[in-house]
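Visitor: Sequence:
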Amino acid sequence: VRAATDVHSVDIFAGCLDQADLLEMKFPPILTDGNIVLAGSLMTANFKRSFHKISSKDKYGHLHTSLNAAFDVHGAEELNAFGIVISIDKKRSCMVETGIDQLM
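Residue numbers (our numbering): 6 to 109.
Derived from the structure by calculation, the hints contain no laboratory data.
Treat each hint with caution, since some may be false.
Stated by the list, open to error - Derived SDA-like pairs (lysine to any residue); straight-line CA-CA distance at most 25 Å:
| id | residue 1 | residue 2 |
| --- | --- | --- |
| 1 | 58 | 70 |
| 2 | 62 | 28 |
| 3 | 31 | 61 |
| 4 | 62 | 25 |
| 5 | 31 | 59 |
| 6 | 62 | 16 |
| 7 | 62 | 52 |
| 8 | 64 | 27 |
| 9 | 62 | 47 |
| 10 | 62 | 41 |
| 11 | 64 | 46 |
| 12 | 62 | 26 |
| 13 | 53 | 43 |
As the list claims (entries may be wrong) - Now the in silico label distances, taken between C-beta atoms and shown as ranges:
| id | residue 1 | residue 2 | range |
| --- | --- | --- | --- |
| 14 | 65 | 27 | 31 to 41 Å |
| 15 | 38 | 63 | 20 to 30 Å |
| 16 | 29 | 65 | 15 to 25 Å |
| 17 | 57 | 31 | 18 to 28 Å |
Only a predicted model underlies this, so the values are computations on that prediction, with no experimental measurement involved.
Yeah, the Cβ is synthetic: ideal placement off N, Cα and C, and Gly gets one too.
Modelling step: build the complete structure from the supplied sequences, incorporating the hints.
Guide: Now the structure itself:
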């Protein structure tokens, strides 16, 4: 509710068919007019099209969406963070070195 009040939009891109967890997280995107993309993996055509659409740029190279956020991701050795979340300052075993933009 606070995100909707502060005029933020919440988007969820899930690269696994974890429908139970996505069901628990569906309300922030619904309340903020955000997007929910559930794909079997990050390599499916549906996921790639959706990611490219939301991260498209104008003729000046600026994103059509405004991003003003800081993420604090706490990983575990059993679960690796993969995609647009990368470790900036330290190499950690829970962070994958390849970004999602290098796969597409």
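Visitor: Evaluate each hint against the coordinates.
Guide: Verification of the hints:
1. Only pairs whose Cα atoms come within 25 Å are accepted, and residue 58 paired with residue 70 is accepted, the gap being roughly 10 Å.
2. Of the pairs offered as hints, the one joining residue 62 and residue 28 is violated, with about 30 Å between alpha carbons and a cut-off of 25 Å exceeded.
3. Distance restraint check for residue 31 and residue 61: the Cα-Cα separation of roughly 24 Å lies within the 25 Å cut-off, and the hinted pair is therefore satisfied.
4. Between residue 62 and residue 25 the alpha-carbon distance is near 33 Å, which puts this suggested pair outside the 25 Å criterion.
5. Restraint check: the Cα-Cα separation between residue 31 and residue 59 comes to about 18 Å, which is no more than 25 Å; the hinted pair holds.
6. Distance hint between residue 62 and residue 16 is fulfilled; the C-alpha atoms sit about 18 Å from each other, no more than 25 Å.
7. A distance of roughly 18 Å separates the Cα atoms of residue 62 and residue 52; the hinted pair therefore holds under the 25 Å criterion.
8. At roughly 35 Å between alpha-carbon atoms, residue 64 and residue 27 are farther apart than 25 Å, so this suggested pair is violated.
9. Our distance criterion of 25 Å between C-alpha atoms is met by residue 62 and residue 47, whose separation comes to about 21 Å.
10. Among the hinted pairs, residue 62 with residue 41 is consistent with the structure: their alpha-carbon atoms are about 20 Å apart, no more than 25 Å.
11. Our distance criterion of 25 Å between C-alpha atoms is broken by residue 64 and residue 46, whose separation comes to about 30 Å.
12. Only pairs whose Cα atoms come within 25 Å are accepted, and residue 62 paired with residue 26 is rejected, the gap being roughly 31 Å.
13. Proximity of residue 53 to residue 43 is assessed by CA-CA distance (about 11 Å); at most 25 Å being required, the pair is judged to hold.
14. Roughly 35 Å separates the CB atoms of residue 65 and residue 27, a value that falls within the hinted 31 to 41 Å.
15. At about 21 Å, the CB distance of residue 38 to residue 63 agrees with the hint of 20 to 30 Å.
16. Between residue 29 and residue 65, the C-beta spacing of about 39 Å breaks the proposed range 15 to 25 Å.
17. Our hint of 18 to 28 Å for residue 57 and residue 31 holds, since their Cβ atoms are close to 23 Å apart.
In terms of the numbered hints stated before, the structure departs from hints 2, 4, 8, 11, 12, 16, listed from lowest to highest.
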